[in-house]
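A.B. asks: One line per chain: the protein sequences are A and B, in this order.
What the first sequence shows, in full-length UniProt numbering, is residues 1 to 418, in sequence order.
What the second sequence shows, in full-length UniProt numbering, is residues 1 to 366, in sequence order.
If you're looking for bench data, these hints aren't it; they were derived computationally from the structure.
Quick caveat, the model's predicted, so the values are computed rather than measured.
Treat the hints with caution; some may be incorrect.
Claimed, not checked - Covered stretches of chain B, going by a simulated chain A footprint (3 or more residues, C-beta under 8 Å): (1) 117-123; (2) 137-145; (3) 165-176.
Claimed, not checked - To give a feel for the contact side, a few chain A residues facing chain B, derived at Cβ under 10 Å: (4) 9; (5) 13; (6) 25; (7) 102; (8) 130; (9) 338; (10) 369; (11) 371.
As the list claims (entries may be wrong) - Using 30 Å as the maximum straight-line C-alpha spacing, the simulated DSBU-like pairs for lysine-lysine come out as follows: (12) A:128 with B:11; (13) A:282 with A:371; (14) B:67 with B:136; (15) A:6 with B:11; (16) A:9 with B:166; (17) B:167 with A:128; (18) A:97 with A:48; (19) B:136 with A:9; (20) A:27 with A:9.
We put the CB at the ideal spot given by N, CA and C, even for glycine.
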Amino acid sequence: MKLRSKMMKVIFLTAVTLSLSGCWDHKELDEKAYVIGIGLDKHKIEGKVKVTYLIANPEVGSQQTAGGANEPPQEIVTLVADDFISSRNTANTIVAKEISYDLLRVLIVSEELARDPDFIRIIYSATKDREIKRSAQFIVSRENAADFIKNNKPKIETRPHKFLELMIERGQETGMIPEADLNGFFRVTESDADLYLAIYATTEKIEKDEAQTTDDDLLAGEIQVEGTTNNAQFIGSAVFKEGQMIGRITGEETRISSLLDNTWATEDILTAIKDPFDERYKLSIRISQKRENKYKLIPEKGRPTIEIDVPLFIEVYSDPSMINYAKNREKVKELKKSLTAAIEKNFTEFVSYTQQELKGDTFDLSIPMRKEFATLREFREFDWMKTYPDAKVKVNVSIRFGEFGRQSKLPKLEEVRD
Amino acid sequence: MRQDKGKIGIKEYFAIISLTVGAKLSDDTPAIIYENAKNAGWLAALLIGILSFFPIILLIKVYSAHKGKNLHEILLHLFGRFFGTLLSICLLIGGTIAVIADSGTYVDIIGSMYFTKTPAIILYIILMVICAYGAKRGIEQIGAVSWLLLPYIKITLFIALIFTFKKGTLGYLFPFWGEGPLEVAKASVKNVSIFVDFFYLALIMPLISSYKDMKKGTLISLVFITVELSLALVAYVVLFDYTTAEMLNYPFHETIRFIQIGFLANVETLFFPFWLVATLIRFSFYLYLIATLLGGILKIKEFEYLIPLIATIILLIGLSPDAPSITLYTVREKILGLLSPAFMILPPFMWIVAKIRGDFKNETSL
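Chain B extracted, bound-state conformation:
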């Protein structure tokens, strides 16, 4: 790891998570949640946060016995060379498909909402080139940029939310339980993998300055993101009512086109650049994660050189679907459905194996 001389602190770690996972409120994730949970989408988001707490805490527990190893190395240690590699490959494929679908969605957002005449391929190339460059700079730089830009991105988002609440009607949130408590629970269980990023975060856990910072950072960002996502879901319903919010492809972008700030009518031009920067950081980080995992599997020390290759593959596959906004939506929905059980089951499974193997013997905390 040539370029990662230093490690990142809790600030950078928190910034990375809140930008990468937090950005999900601005794509079609809300639409996926609303589909089942309707106007109680915000409840579903809170429930997702609570549900994902368990696998995350178990993952941290497992890591505590293997400090200094990343996810791939822990898997190898726990399941042996063959099964460990197999699991890693599955994770790699799942992660790559998710990134392909996500990046395709983001290109579709930019193409359909803002730059309508620019060909998608150009947008995709620009996105991937910038992100590959960002990823190649290494985690330290991604962390620094995230921390640097975090306040601007979150403050503009906060402003957008305030004006949304001002314009909206709180009555739209009722009936309180949406389609019913059971439906809300179903929506959460199905889509709990919205937070699957936390599982992949185990790939960079050894790069955080201390174990304590890592644990604190993960939990703080989990709470922060859950609240943020939930607030955003409330905001969209309050502004559009659930029947309409459910029909919108990208509620966040409809929101910033709809709201007015005083006499300023076209405020999306104010929010769009910040959102774009968050997007670039997000995909830089994803490319970095995939490269780390692939480097681990192929035993390549200087895995940064894999990044351009991965970016190219993502670009080529991401461009292929016909009618991207429809195809990618279904693909994303399917991936979420597939990753959810994996996210819920894998960490407990890892913990049980670690327990059986007696990895926790030296630990006093357990």
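Okay, chain A solo, but in the shape it has when bound:
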């Protein structure tokens, strides 16, 4: 009896295992061309799109580079198609292997296409395809997506999946680019209450006035870099309303959005802010959030008031006016006061910019606000997207200081110059 039940288990499990292999869907790894990124561009004929595939070469970068030592790490194919589903087979007229979206990491859309009202029709194919994952990142490129993919030639991280993964991950940690997966795009578009932010990137250089306001108040392409490096820049966000791109915000504004948003955690914001003790210089500070924001909605006739309490944890990393904060508690107090005022002003300015220009919030404000409603009907009648631009938004910043750099003491300027 015992033997029989053991036998039965063995047969049962074997049958399960055998059925798992699936003869029809069986495909060897080297029989597939893995698409890491899809680029989408407008085509002059209506209803058609230009699809660009960024295909990774799995043989490069692995330990056994026997056959593919001299092969390039990636292959780029651009073709005109009806959408990015049927384009797979068209691509097979050039690429020998079966096109697979299993490892798709990014979707790159040109700004021109993203601003097209019909863009939403194209992008929704991503929910239909069986291989595309909702965790794929969404990038909007200033130039054509095909050019972006072609000109993006990382010098050290040559494997495209690794480069994109690291680039996006790090950018999101510093808050320069938003957390922008496809799932978020669909969610925000479908709930129709907030604005969606996609990653903004470019390989084009744009001349801008040297006397910039801050290091991060820039868009992709505006950063002046020299040297022998890759010319792709990832900074700022493309703003989407109801599935269509309506504008773009800079890296600094993206960072403000992340700080105002509870669902979105940035760990490592290094920025510079005007030194309150010397107009000429800027203080380098590191901002992080240890506690969550608090939101309050005060409904009033016609014009509701929204209060956002933003607790910030700030570490001051430079002291260009040589104040020597460690010895000077008064100055620390003064610094806190002026920083609070400056940051609050920044936040308030950005909020009123979103209210007037974008006519919607870029920081998922409707999510905490939903708590104030008992049923969805009430929430729908409130119509967040319509109400927000007229709402009175008050941002209260409270600052806690962390350390003042590794070495908090500085020599007295007068004594050094003596």
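For chain A, the structure is supplied; the task is to place chain B on it using the hints.
C.D. replies: Below, chain B without anything else, positioned relative to chain A:
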């Protein structure tokens, strides 16, 4: 009952229920609940659990007066030969259609989410052959396999849920009442038959080692499954927000494709096998139940031999619909709507008849 020499204990009974009913969170049941209840789907699930408590407890009460008889025999006893058989036939048809729609849905899940190139007929045949084999081994073996695999299946599900909560935003659960308390209640009443399996469980009640174990096992699994289903519904909303969750055909599978575990991006390959095994056990058990009922109606003692026949019929009908993911969804919705009143009314009705007939006279508990 040749192969059912032994009976199953409370462990196996609990394992069977939590795999068969519990698997519903991974098909299109959540989509059906979300349709009315929106983001308050989890409330609806809790309410369904509370609602189904009453028919289940009455069913157990009726059984307590007829220990050793299965559902069909109890129906015959209560309603007489003609009406009892008629009711059993209705139950058989309802159950078979439900299994056909369910198995069709599962084949569609496997076909559309994982094995996209394999023809549906092959998937269906494999599913039915394995399940028919499993069912033919009898309840004892199904119970043993369920109990054996239960921890693995539930632990992987639990891991998936933890990572879903980690990635999700709790704020999506608000507004608390969804479309409103009334809508939530409506969604629960309409879909209470998600737990109709408990009614069919009365077919195997005599096979459980003791009455006490049966009663305890049923109630424990009811609570467990209600909580589990509710948690899963919370998880999907937390991850996708209700507008998107409502649009997904199979939220569970979208979830395991979406979440990442550390550096592992494509984790669905980890969860899929366990889900598949749960599916196989589930349909083995359903085939067994249908065979028991059919055997009872046709007075066939060795009803195990009916299983291949039933599996073939299910296979043939299940393959026929055009555009399965759309057709089966509507069929399933309709069946749930039809079975709900039956599930709510039949056990109380049975209890009243039993009371009138005086079946409880010898009972001290009532």
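A.B. asks: All hints, please: hold or fail.
C.D. replies: So, going through the hints one by one against the coordinates:
Counting residues of the stretch 117-123 of chain B whose CB lies closer than 8 Å to any CB of chain A gives 4, which reaches the minimum of 3, so the coverage claim holds. Only when three residues or more bring their CB closer than 8 Å to a CB of chain A does the claim for the stretch 137-145 of chain B stand; here the count is 4, and the claim holds. With 6 residues carrying a beta carbon less than 8 Å from a beta carbon of chain A, the stretch 165-176 of chain B meets the three-residue requirement, and the given coverage holds. A hinted interface residue such as residue 9 (chain A) counts as satisfied when its beta carbon comes closer than 10 Å to some beta carbon of chain B; here the least separation is about 7 Å, so the hint holds.
Because the beta carbon of residue 13 (chain A) sits about 9 Å from the nearest beta carbon in chain B, less than 10 Å, this interface hint is met. Given hint, residue 25 (chain A) at the interface with chain B, holds; its Cβ is 5 Å from that chain's nearest Cβ, closer than 10 Å. For residue 102 (chain A), the shortest C-beta to C-beta distance to chain B is roughly 7 Å, which falls under 10 Å, so the interface hint holds. At its closest, the beta carbon of residue 130 (chain A) sits 5 Å from a beta carbon of chain B; the interface hint therefore holds under the 10 Å criterion.
Hint status for residue 338 (chain A): violated, given a least beta-carbon distance of 33 Å to chain B, over 10 Å. Proximity of residue 369 (chain A) to chain B holds as hinted, the smallest CB-CB distance being about 9 Å (cut-off 10 Å). This hint holds: residue 371 (chain A) has a C-beta 5 Å from the nearest C-beta of chain B, less than the 10 Å allowed. With a C-alpha separation of about 41 Å, the suggested pairing of residue 128 (chain A) with residue 11 (chain B) is violated against the 30 Å cut-off.
Restraint check: the Cα-Cα separation between residue 282 (chain A) and residue 371 (chain A) comes to about 40 Å, which exceeds 30 Å; the hinted pair is violated. In summary, the hint linking residue 67 (chain B) to residue 136 (chain B) is supported, as the alpha carbons are separated by about 25 Å, within the 30 Å threshold. For the given pair, residue 6 (chain A) sits about 20 Å from residue 11 (chain B) by alpha-carbon distance, which is consistent with the 30 Å threshold. Between residue 9 (chain A) and residue 166 (chain B), the direct Cα distance comes to roughly 36 Å. Violation of the 30 Å bound is thereby established for this hinted pair.
Taking the CA atoms of residue 167 (chain B) and residue 128 (chain A), the gap is near 23 Å; set against the 30 Å cutoff, the hint holds. For the hint linking residue 97 (chain A) to residue 48 (chain A), the alpha-carbon distance of about 24 Å falls within 30 Å, and the restraint holds. Restraint check for residue 136 (chain B) and residue 9 (chain A): satisfied, since their Cα atoms lie roughly 14 Å apart, inside the 30 Å limit. With a CA separation close to 29 Å, the supplied pair residue 27 (chain A) and residue 9 (chain A) stays within the 30 Å bound.
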